[in-house]
Amino acid sequence: MKSDTRWQVLQGFEFLTHGFEDELVIYHTGSGHTHLLSSLQSEVFSYLQKQPSTLQDLTSYLITVFDINADSEFYAEIEKLLLSLYRFDIVEHCQ
Amino acid sequence: MKISDLSKAELCSRLKKGKFCISVGPFSFCIDSHIEEVIEGLGDLYADYELRDHGFADFHISLTRPKGIRRWLHPQVLFLFDGKTPFKPLPFSQALPMMEWGMNWCIANHMHHYLILHAAVVEKNGQAVIMPGNPGAGKSTLCAALVSRGWRLFSDELALMDIDEGTLIPVTRPVSLKNESISVIQTFSPNAHLGKSYADTTKGTVAHMRPPKLSVEHAGHSAKPRWIIAPQYNKEISSKLDTESMAKMFMNLAENAFNYHIHGPRGFDVLGKLVEDCDCYTYTYNDLDKAIDEFEQLVQISSHH
Chain A
7 MKSDTRWQVL
17 QGFEFLTHGF
27 EDELVIYHTG
37 SGHTHLLSSL
47 QSEVFSYLQK
57 QPSTLQDLTS
67 YLITVFDINA
77 DSEFYAEIEK
87 LLLSLYRFDI
97 VEHCQ
Chain B
4 MKISDLSKAE
14 LCSRLKKGKF
24 CISVGPFSFC
34 IDSHIEEVIE
44 GLGDLYADYE
54 LRDHGFADFH
64 ISLTRPKGIR
74 RWLHPQVLFL
84 FDGKTPFKPL
94 PFSQALPMME
104 WGMNWCIANH
114 MHHYLILHAA
124 VVEKNGQAVI
134 MPGNPGAGKS
144 TLCAALVSRG
154 WRLFSDELAL
164 MDIDEGTLIP
174 VTRPVSLKNE
184 SISVIQTFSP
194 NAHLGKSYAD
204 TTKGTVAHMR
214 PPKLSVEHAG
224 HSAKPRWIIA
234 PQYNKEISSK
244 LDTESMAKMF
254 MNLAENAFNY
264 HIHGPRGFDV
274 LGKLVEDCDC
284 YTYTYNDLDK
294 AIDEFEQLVQ
304 ISSHH
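Line by line, the protein sequences are chains A and B. Take the first sequence: its letters are residues 7 to 101, numbered as in the working numbering. Take the second sequence: its letters are residues 4 to 308, numbered as in the working numbering.
Note that these hints are calculated values from the structure, not bench results. Cβ coordinates follow ideal geometry from the N, Cα and C atoms, glycine included.
Dumping the calculated DSS-like pairs for lysine-lysine here, alpha-carbon to alpha-carbon at most 30 Å:
id : chain 1 : residue 1 : chain 2 : residue 2
1  : B       : 293       : B       : 227
2  : B       : 243       : B       : 276
3  : B       : 251       : A       : 86
4  : B       : 206       : B       : 238
5  : B       : 243       : B       : 127
6  : A       : 56        : B       : 276
7  : B       : 5         : B       : 20
8  : B       : 251       : A       : 56
9  : B       : 251       : B       : 127
To spell it out: a stretch of chain B is covered by chain A in this simulated footprint if at least three of its residues, at any positions, have a beta carbon under 8 Å from a beta carbon of chain A; those stretches are:
id : stretch
10 : 251 to 258
11 : 267 to 275
Okay, chain A solo, but in the shape it has when bound (with noise of 0.2 Å):
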């Protein structure tokens, strides 16, 4: 992934959620289908659907929230964590 990628939440649909503690359940009114996201995940959508960001912009928010020692290995998950949220096309790469 190159690290000038900026991420969104898809757009041209609507995300219907209900939270439940730190987990969150979403429905995809493009696909019609439903997933639970972890409470890493769910910040992740929640940061995404208020402002495209890069990796590297997102990690940074991530540490900062979760109060944590970040290292390279942090960064590879929330670079899985999002190609996961890609591929159920939920997110999307944008300008």
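With chain A held as given, fit chain B onto it using these hints.
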């Protein structure tokens, strides 16, 4: 008039003329069959059901022998719904299980004004327990045990939800027990009325438990969902009731629902509200007496709040 009020000859005559209609919860079935196994099974398992007028019925079903050589050679039975055959034939000896599966299919595949979950439902004091579970999890066994100790049977297979009211609607029918659970229930509740056993079905040996009379008589009364408990029989582990995350229970119900996908955003909202309104648990059990005690405790705790 109840089915138990009919003589064998009257029962045969009605079934052969397509004048055998019963209510199953909010639905009506009109059944016709010349097959002795079906006639006996209906007379036995549905003894406490009221006969309806044979006018309108939601479902017209028929159990019949196929034409041709299969009437005699390795005889088979066909399930007809509105004159069509949605399934391949089964061995003739499995006519009654086929009728029960077919009736489930009729409801699950047509009554989409309800949200239909794959779960057993029982009720006590106006509060219902939804028990989702994959085949073999032990939901029918637990359901049979509970209803034989005074819980009201809604269904061992279909949780029918009124989308506008958020209530559960009984579709009270015989409980389908499989394999070891047949003898387990016979031992646990010697007074439970079990019909014949049918060996070598696709689900193994199957026998049906007649629904308790009170459950049949009160099948018009809905209930509020109060608990969602996903049971799992495990002979190695003693009873264990664990709180389940609401999000995971949501997914469990959605993935195992019969028609969640048809309801779209409305189904998503209804299921979300259902999960929010219920206490969610997973329940591993290996002792039915203990299971009954633990379910009773839930009711007691709830009634004190």
